[in-house]
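Asks: Read top to bottom, the protein sequences are chains A and B. According to my numbering, the first sequence is numbered sequentially starting from 5. According to my numbering, the second sequence is numbered sequentially starting from 328.
Please note that the accuracy of each hint is not assured.
[To be verified] Computed footprint of chain B on chain A; a stretch qualifies when at least three of its residues, placed anywhere within it, have a C-beta under 8 Å from a C-beta of chain B:
#1 339-348
#2 355-363
[Claimed, not checked] One side of the interface only, derived from the structure: several residues of chain A facing chain B at Cβ under 7 Å:
#3 GLY68
#4 VAL70
#5 SER352
#6 ASN399
#7 ALA401
Honestly, the hints are just simulated from the structure, not real lab data. Note that CB positions come from ideal geometry on N, CA and C, so glycine has one too.
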Amino acid sequence: MSSQGSGAVFPDSGRIVIVGASLAGLRAAETLRAEGFTGPLTLIGDEPYLPYDRPPLSKAVLTGWVPAEHTTLPRRETLADVEWRLGVAAVGLDLLAKQVRLADGHTVAFDRLLIATGTRARPWPKQAEAELEGVFTLRGRDDAQLLQQRLAAQPRRVLVIGGGFTGSEIASACCELGLPVTVTERGAAPLVGALGGAIAERVALLQRQHGVDLRCQVTVTSLEGDAQGRLRRAHLSDGSSIDTEVAVVALGAMRNTEWLRDSGLAAWTFGVGCDAGCRVFDINAIVTDDVFVAGDVARFPHPLYDYQFLALEHSGNAVEQATVAAHNMVCAPADRRPHVAVPAFWSSQFGVNIKSVGVPSAADEVVITQGELADASFVAAYGKAGQLVAAVAFNQAKWVEFYQRLIEQAAPFPPTMSGAVQPTPRSPVRAAFPDPMVPTYDATVILTGHDPTERRVQWIPRHHAT
Amino acid sequence: MTRAHPHMTPPAAPSGPIHVVVDLNRCQAYAQCCFFAPSVFTLHGEEALWYDPAPDQAQREHVLRAAAACPVQAIVVQWPDGSEPQISRGAV
Chain A
5 MSSQGSGAVF
15 PDSGRIVIVG
25 ASLAGLRAAE
35 TLRAEGFTGP
45 LTLIGDEPYL
55 PYDRPPLSKA
65 VLTGWVPAEH
75 TTLPRRETLA
85 DVEWRLGVAA
95 VGLDLLAKQV
105 RLADGHTVAF
115 DRLLIATGTR
125 ARPWPKQAEA
135 ELEGVFTLRG
145 RDDAQLLQQR
155 LAAQPRRVLV
165 IGGGFTGSEI
175 ASACCELGLP
185 VTVTERGAAP
195 LVGALGGAIA
205 ERVALLQRQH
215 GVDLRCQVTV
225 TSLEGDAQGR
235 LRRAHLSDGS
245 SIDTEVAVVA
255 LGAMRNTEWL
265 RDSGLAAWTF
275 GVGCDAGCRV
285 FDINAIVTDD
295 VFVAGDVARF
305 PHPLYDYQFL
315 ALEHSGNAVE
325 QATVAAHNMV
335 CAPADRRPHV
345 AVPAFWSSQF
355 GVNIKSVGVP
365 SAADEVVITQ
375 GELADASFVA
385 AYGKAGQLVA
395 AVAFNQAKWV
405 EFYQRLIEQA
415 APFPPTMSGA
425 VQPTPRSPVR
435 AAFPDPMVPT
445 YDATVILTGH
455 DPTERRVQWI
465 PRHHAT
Chain B
328 MTRAHPHMTP
338 PAAPSGPIHV
348 VVDLNRCQAY
358 AQCCFFAPSV
368 FTLHGEEALW
378 YDPAPDQAQR
388 EHVLRAAAAC
398 PVQAIVVQWP
408 DGSEPQISRG
418 AV
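The following block holds chain A by itself, in its conformation from the complex (with noise of 0.2 Å):
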């Protein structure tokens, strides 16, 4: 593709502000100088570091393999000229004056905004627990550095609360590391949210195989320190107690939307909803023209799935839907794109290479299709109502594309192949996704339904309030 310089009509005298200092960010402002705006351009973040990649700092860089600051991301040449404000929280927006409010008290103008504040690590919800010495999360660099320099340190016994991706891939390097974990699961098996169950029990079993001692239907009531305010003990909801030093909260994302709570747009737990063409909406549903959104915080409609808001937690949606926000801050309105990418995401531990295309959740069946589920290397099929929805791999990467392009085409489900390979018949199985109403922490693909704003409003005119 190339855009370089292709009809950007905002004009080079506007100022545009991406809150968001990470790789939604970041791709979106390489975006927007390469389809020709040339104009002021800030970037607001509220680490201290210029954009960095996330994915290996629950694997490689946990291990010790890669260090911290090597997952620094490269950076284009035509940011040359952009304005870094590194270290400050956005904390307020004003739409009337068109103003963010930085923690620091400086407010930032802008004409054209876009919302990049993805997500953070759900923190432990008793704080004075939160608190002890060798009870970590994991979301950001420091946060890796700071485990990874614990976990050489050859703690007893590691205790991951949550079974999640990160959850998941952090028993992993501790296994890899050779250091005894424990990790408890609220679901009926790791991985539950995002697979569904069929798919997690062999999850469940492939970690076992690997040494975890899994507990799953549990969940930790409480984090015991010593008189010095170290970690000594876990308690579990069945009664049992864990002796470690070493907890890792791995409970899921929370989206950064507070600070645009009062700010009049349609942001809240599950993000920032927009249109397809990445503008978000107000709180009454209403799409507003100088404020667009990309990356983990974003909550945006999906074709493939009845048109139903979709919120991810993925590396390659923030790059996809970066790039389909920036080129529409800049373009003629009618060369607006929509972002219709299929969602795709990869995760490694225990030796396998997970990879998922589409939606599994959506789904309500599941079939192996290729491969053994036993061997952990297959391919999982998921579908609704005679509809593939989604696929998952197991250390079966070549397949992916192919599926990707059935689920793109809404092919039927259980698929059907031409050609040499034939997919082993079998039948579909339930694919027992927990209770949607139930909250669970390890679904980083979520259905948020259909309202754009999710929140009770009532619209009162202007002239009628009292």
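Got chain A; can you put chain B on it based on the hints?
Replies: Frame of chain A, contents of chain B only:
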């Protein structure tokens, strides 16, 4: 059997560290990169690729060959100034 190595057009290489980014959604674990630059790219298990995004400068030649050899072109190498070296994909 001899086979022409994928080679790079000699670039006016700026000094300083190089950056590597692999699109892991695209990677299909052909593992060509692991042969050309084994200290930078490694398979974790059968097909999960781990890589050092900021490898030692001594690896630059190997990394460029690895990028050129990737059958699905998932590897992007960038110089410190943000430019991308020209990589010619030899007759492989």
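Asks: None of the hints should be skipped; say for each whether it holds.
Replies: Verification of the hints:
1. 339-348: violated (count 1)
2. 355-363: holds (count 4)
3. GLY68: 12 Å, violated
4. VAL70: 5 Å, holds
5. SER352: 3 Å, holds
6. ASN399: At about 5 Å, which falls below the 7 Å cut-off, the nearest Cβ of chain B leaves the hint on A/ASN399 intact, so it holds.
7. ALA401: 5 Å, holds
Of the hints listed earlier, those the structure fails to meet are numbers 1 and 3, in rising order.
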